[in-house]
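The lines below spell out each chain.
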Amino acid sequence: MVLGAADRTAVRALWLKLGSNVGVYTTEALERTFQAFPSTKTYFLHLDLSPGSAQVRAHGQKVADALTLAVDHLDDLPSALSALRELHAHKLRVDPVKFQLLVHCLLVTLARHYPGDFSPSLQASLNKFLSHVISALAPNCH
Amino acid sequence: MSLTRAERTIIVSMWGKVSTQADIIGTEALERLFSSYPQTKTYFPHFDLHAGSAQLRAHGSKVVAAVGDAVKSIDNVAGALSKLSELHAYVLRVDPVNFKLLSHCLLVTVASHFPADFTADAHAAWDKFLSIVSRVLTEKYR
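Just so you know, the protein sequences line up as chains A and B, in that order.
Note that the numbering used here has the first sequence beginning at -17, numbered continuously upward.
Note that the numbering used here has the second sequence beginning at 2, numbered continuously upward.
Think of the hints as simulated: they come from the structure by calculation, not from any bench.
Any given hint could be a false lead.
To be verified - Listed next, the in silico DSBU-like pairs over lysine-lysine satisfying Cα-Cα at most 35 angstroms (straight line): (1) A/K(-1) to A/K80; (2) B/K129 to B/K141; (3) A/K73 to B/K101; (4) A/K110 to A/K(-1); (5) A/K110 to B/K42; (6) A/K110 to A/K73; (7) A/K110 to B/K129; (8) A/K110 to B/K141; (9) B/K141 to A/K23; (10) B/K63 to A/K80; (11) A/K80 to B/K141; (12) B/K101 to B/K18; (13) A/K23 to A/K110; (14) A/K23 to B/K18; (15) B/K101 to B/K42; (16) B/K18 to B/K84; (17) B/K18 to A/K(-1); (18) B/K18 to B/K63; (19) A/K80 to B/K129; (20) A/K80 to A/K23; (21) A/K23 to B/K73; (22) A/K80 to B/K101; (23) B/K18 to A/K110; (24) A/K80 to B/K84; (25) B/K129 to A/K44; (26) B/K42 to A/K(-1); (27) A/K(-1) to B/K129; (28) A/K110 to B/K63; (29) B/K42 to B/K141; (30) B/K18 to B/K42; (31) B/K18 to A/K80; (32) B/K101 to A/K23; (33) A/K(-1) to B/K141; (34) B/K129 to A/K73.
Okay, chain A solo, but in the shape it has when bound:
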């Protein structure tokens, strides 16, 4: 499932449109993930996960920054995300299935907020991009 030129253009354009709100949306995505899929909270026992938590917001911003890094390095995701792969695959040992749950919640969040037409083809390009990010973070398990 290659990230073609049209997909890259779509993802970059989407990111530009989201502007400085990426952190707001990744935070909402995290909150939805914790609520709909409580088993995901197991990785965050050290955080205050109550609604509106500043710690969740801070983590949402970290996720946003990582995704922005990924958008800026579409040609070389594995290398750009290698430190995060170390962290997620080897240190945190996040079950790769959990990444899919977060991606689902992120797509739902963007469908709600996107200032434009969150078309099926835009969703497909974004889904491909996020699959590549997951592959870069959990190489052998996806």
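Based on these hints, arrange chain B on the given structure of chain A.
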């Protein structure tokens, strides 16, 4: 896994709104499914799957009507979908993983059309409900 009273209330009341756009929602969910997960087209070799196709619209309507039947009999989804369950088990044999994909696309579609109503509570309730529907449709497989 069964729905709480609060979750049932959310689903039934949201359905009131969603059902007014039933055909659009059903068609769009299928478009999203086929765009993001092209492998799902394998079950529809007999269809014209281009956007706007009459067959796509007809099938989208069927899918949403079935979800509506489940909502109307929310206390007995297995009873309401018994015939469909047999159809999927004995005739269609859709691999269970695809129900997750369609559920995901339905939720993205609903989120896109009803951003204000699709709160985190509604999202969690709907995800659970569609999981129940999916389980009913695959429970006669073996």
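Hints, one by one, checked against the model:
1. A/K(-1) to A/K80: With Cα atoms ~27 angstroms apart, A/K(-1) and A/K80 stay inside 35 angstroms; holds.
2. B/K129 to B/K141: 20 angstroms, holds
3. A/K73 to B/K101: It holds: about 29 angstroms lies between the C-alpha atoms, which stays within 35 angstroms.
4. A/K110 to A/K(-1): 19 angstroms, holds
5. A/K110 to B/K42: Holds, at roughly 17 angstroms.
6. A/K110 to A/K73: With Cα atoms ~26 angstroms apart, A/K110 and A/K73 stay inside 35 angstroms; holds.
7. A/K110 to B/K129: 25 angstroms, holds
8. A/K110 to B/K141: 33 angstroms, holds
9. B/K141 to A/K23: Between B/K141 and A/K23 the Cα gap is close to 33 angstroms, so the pair holds against 35 angstroms.
10. B/K63 to A/K80: 31 angstroms, holds
11. A/K80 to B/K141: 28 angstroms, holds
12. B/K101 to B/K18: 23 angstroms, holds
13. A/K23 to A/K110: Answer holds: A/K23 to A/K110 is near 26 angstroms, not above 35 angstroms.
14. A/K23 to B/K18: Satisfied, since the Cα-Cα distance of roughly 32 angstroms is no more than 35 angstroms.
15. B/K101 to B/K42: 15 angstroms, holds
16. B/K18 to B/K84: Distance ~26 angstroms between B/K18 and B/K84 Cα, so the pair holds.
17. B/K18 to A/K(-1): 29 angstroms, holds
18. B/K18 to B/K63: The given pair, whose Cα atoms are some 18 angstroms apart, holds under the 35 angstroms limit.
19. A/K80 to B/K129: 16 angstroms, holds
20. A/K80 to A/K23: Given pair A/K80, A/K23 holds - Cα atoms ~10 angstroms apart, limit 35 angstroms.
21. A/K23 to B/K73: 33 angstroms, holds
22. A/K80 to B/K101: 14 angstroms, holds
23. B/K18 to A/K110: Roughly 31 angstroms separates the two Cα atoms, so the pair holds.
24. A/K80 to B/K84: Holds, at roughly 33 angstroms.
25. B/K129 to A/K44: Distance of about 29 angstroms is within 35 angstroms: holds.
26. B/K42 to A/K(-1): Within the cut-off at roughly 31 angstroms; holds.
27. A/K(-1) to B/K129: 32 angstroms, holds
28. A/K110 to B/K63: 28 angstroms, holds
29. B/K42 to B/K141: Between B/K42 and B/K141 the Cα gap is close to 23 angstroms, so the pair holds against 35 angstroms.
30. B/K18 to B/K42: Holds, at about 29 angstroms.
31. B/K18 to A/K80: It holds: about 31 angstroms lies between the C-alpha atoms, which stays within 35 angstroms.
32. B/K101 to A/K23: Roughly 21 angstroms between the alpha carbons, so the hint for B/K101 and A/K23 holds.
33. A/K(-1) to B/K141: Violated: A/K(-1) and B/K141 sit about 46 angstroms apart, past 35 angstroms.
34. B/K129 to A/K73: 31 angstroms, holds
Hint violations for this structure: number 33 only, all remaining hints satisfied.
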